[in-house]
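Residue numbers (the UniProt record's numbering), protein chains in the order written: chain P, 1 to 335; chain C, 1 to 335.
Keep in mind that the hints are not guaranteed to be accurate.
[To be verified] Below 25 Å or equal to it, Euclidean Cα-Cα: the simulated PhoX-like pairs (lysine-lysine) are: (1) P:Lys2 / C:Lys205; (2) P:Lys251 / P:Lys150; (3) C:Lys205 / P:Lys205.
[Said to hold, decoys possible] Quick partial rundown of chain P residues pointing at chain C, CB under 10 Å, derived from the structure: (4) Val14; (5) Glu19; (6) Met119; (7) Met123; (8) Thr239; (9) Ser267; (10) Pro269; (11) Ala306; (12) His325.
[Said to hold, decoys possible] Some chain P residues flagged as far from chain C (calculated, every beta-carbon gap over 10 Å): (13) Arg179; (14) Val227; (15) Leu247; (16) Lys251; (17) Asp256.
Honestly, the hints are just simulated from the structure, not real lab data. Note that the Cβ used here is the ideal one computed from N, Cα and C, for glycine as well.
Protein chains: 2
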Amino acid sequence: MKTKKLINAGENAVDEMLEGILSAHPDHLYAVDGMPRAIVARHGPRQGKVGLVIGGGSGHEPSFLGFVGKGLADAAAVGNVFASPPPDPIIACATAVNGGAGVLFLYGNYAGDVMNFDMAAEMLAMDDLEVRTVLSTDDVASAPADQREKRRGVAGNVFIFKAAGAACDLMYSLDEVERVARFANERTYTMGVALSPCSLPQTLKPNFAIGESEMEIGMGIHGEPGVARGELAPADAVTDTLLDKILEEMKASAGDRVAVLINSLGSTPLMELYIMMRRVKQRLDQMGLVIHTSLVGNYCTSLEMAGASITLMHLDHELQRLIDHPCDCAMFRVG
Amino acid sequence: MKTKKLINAGENAVDEMLEGILSAHPDHLYAVDGMPRAIVARHGPRQGKVGLVIGGGSGHEPSFLGFVGKGLADAAAVGNVFASPPPDPIIACATAVNGGAGVLFLYGNYAGDVMNFDMAAEMLAMDDLEVRTVLSTDDVASAPADQREKRRGVAGNVFIFKAAGAACDLMYSLDEVERVARFANERTYTMGVALSPCSLPQTLKPNFAIGESEMEIGMGIHGEPGVARGELAPADAVTDTLLDKILEEMKASAGDRVAVLINSLGSTPLMELYIMMRRVKQRLDQMGLVIHTSLVGNYCTSLEMAGASITLMHLDHELQRLIDHPCDCAMFRVG
Numbered sequence: 001m002k003t004k005k006l007i008n009a010g011e012n013a014v015d016e017m018l019e020g021i022l023s024a025h026p027d028h029l030y031a032v033d034g035m036p037r038a039i040v041a042r043h044g045p046r047q048g049k050v051g052l053v054i055g056g057g058s059g060h061e062p063s064f065l066g067f068v069g070k071g072l073a074d075a076a077a078v079g080n081v082f083a084s085p086p087p088d089p090i091i092a093c094a095t096a097v098n099g100g101a102g103v104l105f106l107y108g109n110y111a112g113d114v115m116n117f118d119m120a121a122e123m124l125a126m127d128d129l130e131v132r133t134v135l136s137t138d139d140v141a142s143a144p145a146d147q148r149e150k151r152r153g154v155a156g157n158v159f160i161f162k163a164a165g166a167a168c169d170l171m172y173s174l175d176e177v178e179r180v181a182r183f184a185n186e187r188t189y190t191m192g193v194a195l196s197p198c199s200l201p202q203t204l205k206p207n208f209a210i211g212e213s214e215m216e217i218g219m220g221i222h223g224e225p226g227v228a229r230g231e232l233a234p235a236d237a238v239t240d241t242l243l244d245k246i247l248e249e250m251k252a253s254a255g256d257r258v259a260v261l262i263n264s265l266g267s268t269p270l271m272e273l274y275i276m277m278r279r280v281k282q283r284l285d286q287m288g289l290v291i292h293t294s295l296v297g298n299y300c301t302s303l304e305m306a307g308a309s310i311t312l313m314h315l316d317h318e319l320q321r322l323i324d325h326p327c328d329c330a331m332f333r334v335g
Numbered sequence: 001m002k003t004k005k006l007i008n009a010g011e012n013a014v015d016e017m018l019e020g021i022l023s024a025h026p027d028h029l030y031a032v033d034g035m036p037r038a039i040v041a042r043h044g045p046r047q048g049k050v051g052l053v054i055g056g057g058s059g060h061e062p063s064f065l066g067f068v069g070k071g072l073a074d075a076a077a078v079g080n081v082f083a084s085p086p087p088d089p090i091i092a093c094a095t096a097v098n099g100g101a102g103v104l105f106l107y108g109n110y111a112g113d114v115m116n117f118d119m120a121a122e123m124l125a126m127d128d129l130e131v132r133t134v135l136s137t138d139d140v141a142s143a144p145a146d147q148r149e150k151r152r153g154v155a156g157n158v159f160i161f162k163a164a165g166a167a168c169d170l171m172y173s174l175d176e177v178e179r180v181a182r183f184a185n186e187r188t189y190t191m192g193v194a195l196s197p198c199s200l201p202q203t204l205k206p207n208f209a210i211g212e213s214e215m216e217i218g219m220g221i222h223g224e225p226g227v228a229r230g231e232l233a234p235a236d237a238v239t240d241t242l243l244d245k246i247l248e249e250m251k252a253s254a255g256d257r258v259a260v261l262i263n264s265l266g267s268t269p270l271m272e273l274y275i276m277m278r279r280v281k282q283r284l285d286q287m288g289l290v291i292h293t294s295l296v297g298n299y300c301t302s303l304e305m306a307g308a309s310i311t312l313m314h315l316d317h318e319l320q321r322l323i324d325h326p327c328d329c330a331m332f333r334v335g
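Using the sequences provided together with the hints, build the complete structure.
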């Protein structure tokens with residue numbers, strides 16, 4: 001059975017999507033001349049500011065280009081569905097946002113992305129553009145705590161990008177922006193659950209198989225295997241399972257503040273996300289933790305996958321300020 | 001086969017969702033004491049301002065309570081999934097937002113909603129609270145053009161609510177707010193296409209059947225029968241089919257401005273919506289119509305239904321101003 005999609009030719013889906021995005025958001029975004037996969041913020045980059053370049057595969061919308069805008073990322077390099085962008089659009093992004101203060105590459109830890117962003121950084125270094133790299137590794141299920149550097153980056157990107165983007169907007173130095181990005185990543189924890197697969201535009205076939213009444217805890221946003229498959233449990237029990245893993249690592253104390261993200265993997269509706277949010281609030285209340293801000297909706301999707309993820313960012317005063325800092329992106333605004 | 005949902009007991013889904021929404025958005029929303037289905041804007045209602053009350057069944061999130069906030073609706077009455085709210089929460093909403101200048105009830109034209117909102121209006125009239133009612137009827141497929149008053153209200157609500165809410169915020173009189181709401185409705189046209197059913201939390205069973213490669217043009221947001229069922233066509237052809245019906249009625253001239261909404265019915269991802277947006281832009285460009293603003297995403301959903309709708313609002317100077325007027329809701333912001 002093939003999945004039905006409102007697309008034209010599958011191989012054109014990403015480029016046609018980008019055309020649509022630029023049609024809808026001309027005041028926020030433009031593509032570098034001759035490089036339609038390099039999407040830049042109209043009002044972000046400026047002289048003396050560190051440029052923040054994010055990116056990754058398509059199919060996770062509004063990640064990543066929905067977070068390009070004043071106060072957040074300056075540009076996003078766009079890959080094919082679930083595939084890293086090649087070096088060219090990454091280089092074009094870095095060049096477009098270069099304000100003379102260096103550029104930070106900030107993206108999820110996936111082998112393909114690391115290879116291409118690193119290649120781009122090497123080529124930019126030859127042109128004397130200083131690039132630093134921070135990888136997001138917020139997906140708790142993807143490797144043990146003592147191997148955090150092996151973890152993947154998932155929905156927690158939103159908070160990590162937000163903190164780094166605010167630091168750039170506040171004219172922090174490249175050293176400081178890099179420090180903030182690393183710290184934001186260290187303090188961000190995501191656990192997801194998948195209920196159904198998605199299918200790629202080129203194949204229209206499910207990217208994995210799962211039983212009619214099963215869920216998979218910890219599955220990655222491209223269908224990477226999770227840590228446990230079992231019968232679907234009630235929302236409160238699922239939420240507890242995800243939250244327990246996060247809280248075990250986060251080591252928060254009563255009175256600490258957190259930012260919460262309840263993210264849909266695509267087809268899970270707001271009703272279910274808010275039912276999970278209710279349980280998160282109950283649990284955090286019990287521990288005396290304060291929800292400083294919360295986001296609920298589609299932030300890092302896997303096309304039409306069913307499932308959700310919970311992210312907590314463990315705030316301190318600095319992160320709190322950076323998370324509250326205004327931003328104005330086509331698909332996300334604060335302040 | 002049952003649909004998998006991240007819920008607890010199905011009969012508690014709506015109330016648990018509301019708890020989650022209030023947990024996530026305490027600065028924007030509160031429930032009337034003892035009336036958890038009456039959700040009011042913290043910063044909307046005020047003395048001398050017409051109160052705007054919207055509402056309807058659950059399962060369409062972010063409709064309707066996502067559009068409650070300063071500059072938009074003052075309160076929303078919340079029903080069960082795909083079912084009208086009873087009079088009590090409607091009365092509670094009206095009472096909570098009453099600033100002495102009257103109240104407008106503005107909601108989609110469905111028999112159950114009409115019955116309950118009318119009953120509430122009658123009871124409020126006995127307490128000397130003046131209530132006017134405007135029904136939204138933007139769903140082009142649901143009745144012929146010469147019986148517009150029989151049409152249902154769907155995603156175009158977003159623009160109609162927006163215009164009326166701005167008029168209230170600008171302290172228009174009840175007469176003027178009613179006029180604006182009627183005019184906004186007259187100028188708003190929606191056409192949808194459904195690819196897959198959704199299922200209700202209580203039953204977990206699909207609400208209609210559709211073939212593996214079929215689409216249905218004009219299906220309603222509760223699965224009401226549409227105007228044509230056929231093989232799924234490429235996105236551009238589907239977009240043309242929807243747009244042709246809208247443009248045939250809209251009678252716009254070159255240079256006219258429109259507001260565009262490309263809305264997901266739930267599980268259709270942003271990639272597909274933006275591919276449709278691309279085609280809308282091409283077609284409107286050909287006609288010399290100007291896209292004044294565009295919204296793309298989940299605005300009026302049917303739980304996890306697959307499919308999308310296109311809405312055009314045919315702007316004039318007044319509607320343009322009202323659509324641009326700032327609003328600050330938990331799930332929607334402008335300005």
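Taking the hints in turn, this is what the structure says about them:
1. P:Lys2 / C:Lys205: At roughly 21 Å apart (the allowed maximum being 25 Å), lysine 205 (chain C) and lysine 2 (chain P) satisfy the hint.
2. P:Lys251 / P:Lys150: Given pair lysine 251 (chain P), lysine 150 (chain P) holds - Cα atoms ~21 Å apart, limit 25 Å.
3. C:Lys205 / P:Lys205: holds, 23 Å
4. Val14: holds, 8 Å
5. Glu19: Check passed: Cβ of glutamate 19 (chain P) comes within 4 Å of chain C, closer than 10 Å.
6. Met119: Status violated, d = 27 Å.
7. Met123: violated, 30 Å
8. Thr239: holds, 8 Å
9. Ser267: holds, 3 Å
10. Pro269: holds, 5 Å
11. Ala306: Hint holds; alanine 306 (chain P) Cβ to chain C Cβ min 7 Å, cut 10 Å.
12. His325: violated, 16 Å
13. Arg179: holds, 30 Å
14. Val227: holds, 18 Å
15. Leu247: holds, 17 Å
16. Lys251: holds, 23 Å
17. Asp256: Non-interface label on aspartate 256 (chain P) holds, nearest chain C Cβ at 17 Å vs cutoff 10 Å.
The earlier numbered hints that this structure contradicts are 6, 7, 12.
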